[in-house]
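Add chain P to chain W, keeping to what the hints say.
Protein chains: 2
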Amino acid sequence: MNIVFLGTASCFPTPSRGVSCTALQLEEGHVWLFDCGEGTQIQIQKSRIRPGKVNRIFITHLHGDHVFGLPGLLCTLGNGGNTEKKSVHIYGPLGLRNLLATTFEISGSPLPYDYHVHELIPESWQFPTDREYNVTALEREYINPRETSTTKILYDPITKSWPLFNDGKYIVVAGALTHRIPCFGFIIQERDQLGSLDVKKLKELGLSPGPKYALLKNGKRVALDNGDVIEPLDVTGPIKKGRKIVILGDTCDNSPMTHLDMDCTIILHEATMEESLREKAIQYGHSTPKMAAAFAAEINAQRLCLFHVSPRYRPISSVTTSENEEDAENLSAKILLDEAQNHLTKMEFKCGLDIAEDFGEIKL
Amino acid sequence: MNIVFLGTASCFPTPSRGVSCTALQLEEGHVWLFDCGEGTQIQIQKSRIRPGKVNRIFITHLHGDHVFGLPGLLCTLGNGGNTEKKSVHIYGPLGLRNLLATTFEISGSPLPYDYHVHELIPESWQFPTDREYNVTALEREYINPRETSTTKILYDPITKSWPLFNDGKYIVVAGALTHRIPCFGFIIQERDQLGSLDVKKLKELGLSPGPKYALLKNGKRVALDNGDVIEPLDVTGPIKKGRKIVILGDTCDNSPMTHLDMDCTIILHEATMEESLREKAIQYGHSTPKMAAAFAAEINAQRLCLFHVSPRYRPISSVTTSENEEDAENLSAKILLDEAQNHLTKMEFKCGLDIAEDFGEIKL
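Protein sequence lines, in the order shown, are assigned to chains W and P.
Residue numbering for the first sequence follows UniProt numbering, starting at 1 and increasing by one per position.
Residue numbering for the second sequence follows UniProt numbering, starting at 1 and increasing by one per position.
Hints should not be assumed to be uniformly reliable.
Because identical chains share one entry, a pair is satisfied inside a single copy or across any pair of copies.
[To be verified] Lysine to any residue pairs mimicking SDA-like chemistry, simulated, CA-CA at most 20 Å apart:
(1) 350 x 167
(2) 280 x 111
(3) 46 x 15
(4) 280 x 79
(5) 46 x 318
(6) 53 x 14
Hints were generated in silico from the structure; no laboratory data involved.
Just so it is clear, the structure is predicted and the values come from calculations on it, not from any experiment.
Next comes chain W alone, as it looks inside the complex (with noise of 0.2 Å):
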């Protein structure tokens, strides 16, 4: 499994920074994009992203930053005579539907697969209270000629998150966060797998290599010629637990979905601005470093990954060109790092650190 980051700015894309879209490169080849930000489709050209490859897509919510790219990198995916693109699946916030149909439909855009779009339905506490919002304008009767389906998915109370689907070795669920507008993050839970064949055991229980040993690693139960029946824990090495990834969208209070992100691999966090704007931060519905921070200790997180960084902290790597080496230095995302790790140091809390960069990788 590999991240790789596509954009890593908040608010408006940059010739250095992208805006939102992060690639999960899975084992099997498929690519699932989180969030398609305006020159997604760019961005995926510089990569070693295949856009054949990408199958789902999950929008965390419907700001510019975040989904303005998707129209045309839908346009664009089956270029070039791409027969194995049948269909894609994207999910996201009510509203997403109707921004696609709309689209595609006034500009005319014949898509060369079919795509379906799966609306998280917000609970009524996630819409902001003010006007600038209007409920009813999300939803429209017209459907896409090459919109296979519209599935809505509701919001499960029991385990407060909205279940997206279980494809026999993922489970992707939502939660929600606070923003200005309904907004959401994305756990990706990878089952867990059997150890490797205790090859020396099954020679002891008079099993040669052979169907019965792929069954077996299939998780099958199996009959030996006597009768006896073996079951795969007790001729497997320890249960390689799976890995949970936890994708957040914009946030500035992550509690709604606290009890979904515990213990997670690894956690994706907005950091947009430094601690001491923290007040303008939350205004605008987003956090600090050390905000990141101590929801990653709160949820026991093993690695915490900042990214939505604020166009105004250039890249680490970039180089130096102010002649004011201290002004230079402020500006570099190098503070909201620091601000993290300090903030982690402090609470005595172990984990991995990282600050996203575009076209950076994490492997897991």
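Relative to the frame of chain W, chain P by itself:
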């Protein structure tokens, strides 16, 4: 006046070519954009254009590579406390207002300035006859809070054009092109200007430099102390003919607007692919360089600039990286330039010729 190419690719953006956007910098400091493909706001950042100077945007048609960058650009145009931005006028085909209003509404995007959409109502013969285009979906009742008002511009059968505005210095009209959906070209006609004051002649008439000079310079009559009236034309040099800029959208047939383009100073004409692909070009509603050259000759253009080229043609200025020089040459945009030049020579028509590359500029 200065033309700056911000995106010269057709169909999809690449790291070396943005999709359609051309900026016209006026002497007064204002900037007008023609089309706004995805990534335009990033291209502007890479250029010397100041976003706050953009006060009019013209959209030739609603295909994604010409308009998908507009919502993002409009959302960030007022960034950075740009207090000089009060309003933006946007001109384009029917459907543009709905596209913007729906996008802004669903994404909950508040703009920090007003915008005014002037929709060109296509004639019935401009709509495609296949089922891909749903004309009734183009309009919507909803009005965005930042829409100051909405204008519908109807076809004028006398001039065979859509009159957009006349601000005293420029008269701008649109003409119809043949493409797969309603598509327009824009003609910017600068008003003729008086020549310089003939100071010698004025002195002979007994008029010394002062306020009356300014009046004459501005085209006003002036009365001398002896009661004689001086006409500005009598004391100024030859009239400076206004420039005429023609910027076309996608097209495989310009005949509906030939009469509007005659004798222009410069025409920006698409040349998506080479002559050997003419059949495919026309099938998709596009032109070859030969078609563009023929049209330039037909309208007696002083200068022809090709743009909107397939991403398969790398910019001429790019370094050859291919090991096979012959292959690399075939993929250069120079092949398009050469085809146009060869056809101009064959027709014995002389005019300036350029091919646009991103961030290239033409001074007029």
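Here is how each hint holds up against the structure:
1. For a Cα distance limit of 20 Å, the shortest separation of residue 350 from residue 167 qualifies neither inside one copy, at 33 Å, nor across copies, at 65 Å.
2. When the C-alpha separation of residue 280 and residue 111 is checked against a cutoff of 20 Å, the pair qualifies only between copies, where the shortest distance is 19 Å, while the shortest distance within a copy is 41 Å.
3. With identical chains, the CA atoms of residue 46 and residue 15 are at most 20 Å apart both within one copy (12 Å) and between copies (7 Å).
4. Taking the shortest Cα distances, residue 280 and residue 79 sit within 20 Å of each other only across copies (16 Å), while inside one copy they are farther apart (42 Å).
5. Taking identical chains as interchangeable, the C-alpha atoms of residue 46 and residue 318 lie at most 20 Å apart whether they share a chain (17 Å) or sit on different chains (17 Å).
6. Taking the shortest alpha-carbon separations for residue 53 and residue 14, only the inter-copy value of 19 Å comes in at or below 20 Å, while the best intra-copy value is 26 Å.
When held up to the earlier numbered hints, the structure conflicts with hint 1 and nothing else.
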